[in-house]
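Chains Y and U, in that order, are what the protein sequence lines are.
So my numbering is basically just the index in the first sequence, starting at one, shifted up by 339.
So my numbering is basically just the index in the second sequence, starting at one, shifted up by 15.
Where hints are given, some of them may not hold.
List time: in silico DSS-like cross-link candidates among lysine-lysine, alpha-carbon distance up to 25 Å [claimed, not checked]:
#, chain 1, residue 1, chain 2, residue 2
1, U, Lys-227, Y, Lys-462
2, Y, Lys-465, U, Lys-131
3, Y, Lys-462, U, Lys-225
Each pair of labels, with its calculated beta carbon distance range [claimed, not checked]:
#, chain 1, residue 1, chain 2, residue 2, range
4, Y, Ala-513, U, Ile-27, 56 to 64 Å
5, U, Met-91, Y, Asp-378, 29 to 37 Å
6, Y, Ala-513, U, Gly-21, 47 to 55 Å
The hints are simulated quantities; they were obtained by calculation from the structure and are not laboratory data.
Keep in mind it's a predicted model, so treat the numbers as computed, not measured.
We treat Cβ as the ideally placed atom computed from N, Cα and C, and that holds for glycine.
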Amino acid sequence: MSVGGGGGGAHAAIPHNNIIAFGLVGGLVGIYAAYFLVDMLGEYMSFLGALGAICGIVWGAAAVRRVANYGLGTGVPSIGMLALGMGVVAATFGLAVGGVAGPVIAVIFAAIIGLVIGVLANKVLKMGIPIMEQSMTEIAAAGTITIIGLSTSMVGTFLFDEVMTGVITTGHIAVIFIAGGLAILHPFNANLGADEKQDRTLACAFEKGGIAMIVAGIVATIMPLASGALTILVGLAVWYVGFSAFYKRVKRDAYMITGSGLLPSKEELE
Amino acid sequence: MIDIAGILTDNILNILLITLGGILISWSVHFVPVGGAPAAMAQATGIGTGTVQLAAGAGLTGLVTAAAMMNVTDSMLLVIASGAVGAMIMMSVTMIVGTWVYAYGVGCPPASAKAKYDPITKDRQDLYVSQGTEGHGLPTVCFVSGVIGAALGGIGGAMVYYYLLIIENGLAAPDIVGIASIFAVGIFFVNAVIPSYNIGGTIEGYHDPKFKKFPKAVFASFIATFLCAILGVLAIGGL
Chain Y
340 MSVGGGGGGA HAAIPHNNII AFGLVGGLVG IYAAYFLVDM LGEYMSFLGA LGAICGIVWG
400 AAAVRRVANY GLGTGVPSIG MLALGMGVVA ATFGLAVGGV AGPVIAVIFA AIIGLVIGVL
460 ANKVLKMGIP IMEQSMTEIA AAGTITIIGL STSMVGTFLF DEVMTGVITT GHIAVIFIAG
520 GLAILHPFNA NLGADEKQDR TLACAFEKGG IAMIVAGIVA TIMPLASGAL TILVGLAVWY
580 VGFSAFYKRV KRDAYMITGS GLLPSKEELE
Chain U
16 MIDIAGILTD NILNILLITL GGILISWSVH FVPVGGAPAA MAQATGIGTG TVQLAAGAGL
76 TGLVTAAAMM NVTDSMLLVI ASGAVGAMIM MSVTMIVGTW VYAYGVGCPP ASAKAKYDPI
136 TKDRQDLYVS QGTEGHGLPT VCFVSGVIGA ALGGIGGAMV YYYLLIIENG LAAPDIVGIA
196 SIFAVGIFFV NAVIPSYNIG GTIEGYHDPK FKKFPKAVFA SFIATFLCAI LGVLAIGGL
C-alpha cells in the first residue's frame, strides 16, 4: 500500500532548520558560484550548479519525509511531481523576468505558490496535516532550486536566453523534471515504514542527487558554455559516497542480512 | 523591467481561459477510475496506478496531439478536439489492456464495490466482488467514466497549452513551443495532484460517492491555476 507514513511527526536526528538552511543557502550559493566562476575561471566550473541542485534535492527529500510521514492518503510520488510542477512554473517565471536576480525571484515565487497550495490543501481539501503549509512552501522552493541548479550546470549560466535555447527548447527540461522529481520523491518512498530513519533517507537523497548530476553532465558535454567531464566525475563521486553511506545505513538498520541462495531447481523440488 | 500591468490587461482573457483549463483538468481526475496500489494487486476497482501518473499520461498525450494539430491549423476548436481525442485514446488503451490483464492474467471479473448494479449495463456487481477486496478490474461504468475524464483532461490541457502559445511575445517559434509546453506540463501536474489529495488516492468514477467532493478540488485548482496562469502569462508576455 502506497499511503505510507505512521500518522504523526517524524523523528529527526538532524534538526530540520539546519536542513532548510543547507538547502536554501547551499543551493543558491552553488547556482551563483557556477554562474560567476564559469565567467571568471572557465566553463568547467559549471558543475557547481549541480552541487547546488543536490542541496535542493536533499532539502526537498527531507521536507517530503516530514509531510508524507503524516500519510497523504495517496502515493508519495504525487508530492514530488507537485514540487517539480510548482518549481518549473516558478523557475521559468523567475529566470524570464529576473536576469541576474532570477534564482532568488524564482525561489520567492515558488514559496508563494507553495504556501497557497499548502493553505488550500488544509483549508479547502481538509487534509488536516499541521505542517502542510510550511512543507509545501519548502517543497516548492526546493523543487525550484533543483531545476535551476541542474539547468545551470547543463548550460553554464542561468540567464534566460541560454536556458531557453539550451534546456527548454531542446527538451532537456523533461530530463530535469524526471531526474529531479525522482530524486525528491524517491528517498522517502523507498525508505518509508516503521523503521524509517532520517539519515538513511537523506543518504538515499544524496545518492539520487548524484545520479541527477551525472545526467546533467552528460547533457552539458554538448553545450558550448558548459563542460560535462568534471560534472560527470563529481557526480560519480557523489553517487559513490551517497550509495556507500546508504548501504552502510541499510545494513545498520536491517534486523539480519542473510543469503537465501538460488531458487531450487526442478529436480530438487521433486 | 517588464510592463506588468500592461501584459496582464492585454492577456486577461488568456489568464481566465488557462484557469478554466486547469479547472477542467482538476474535475477530469474525478472521472478517472484510479485504483492506486490496491488496484495493482487487484484488490480495488480501477487502473492500478496513481492519479498523477494517469493524469500525466493522458494529459501529455493530449498535449502532443494538440501540438501536432497546431502545426497544421490555428483553429482553436480543432486543436482542443485533437487534444481531447489524444487523451481519450491513451486512457482507453490503458483501460482495455488493464482489463485483459485482470481478466486473463489475474483471473478476476471486472466488478465494482461502490455500486450494487452497474449504472450503465444494470449488471449485478456485488456477487462478483471477491471477499476482502474492494472490487477489481474495470466494469463498464468505470471505463465510460474514464473516457469522459480523459476527454475533459485533454480539453483542459490543450486549452492551457493553446492560450499560453498565442500570447504575444518576441520569441522564435521553437522557443515559444518549448516554454508553453513546459508551463502547460507544470500546470497539469499541479492540477492533477490537488484532486488526488481530495479523493484520497482512489476513486471508481462518477458513480463513486467520493465524486461529490469535486467542488472542493475545483475551487482549490481555480486559485492555484489562476496564480500559475499569471506567472506564465507574465513570463511569456515579457519576453
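Results of checking the hints against the structure:
1. U:Lys-227 <-> Y:Lys-462: holds (18 Å)
2. Y:Lys-465 <-> U:Lys-131: violated (29 Å)
3. Y:Lys-462 <-> U:Lys-225: At roughly 18 Å apart (the allowed maximum being 25 Å), U:Lys-225 and Y:Lys-462 satisfy the hint.
4. Y:Ala-513 <-> U:Ile-27: 56 to 64 Å: violated (31 Å)
5. U:Met-91 <-> Y:Asp-378: 29 to 37 Å: Taking Cβ atoms as reference, U:Met-91 and Y:Asp-378 lie about 44 Å apart, which means the hint is violated.
6. Y:Ala-513 <-> U:Gly-21: 47 to 55 Å: The hinted range 47 to 55 Å is violated for Y:Ala-513 and U:Gly-21, with Cβ atoms some 32 Å apart.
Checked against the numbered hints above, the structure breaks hints 2, 4, 5 and 6 and satisfies the rest.
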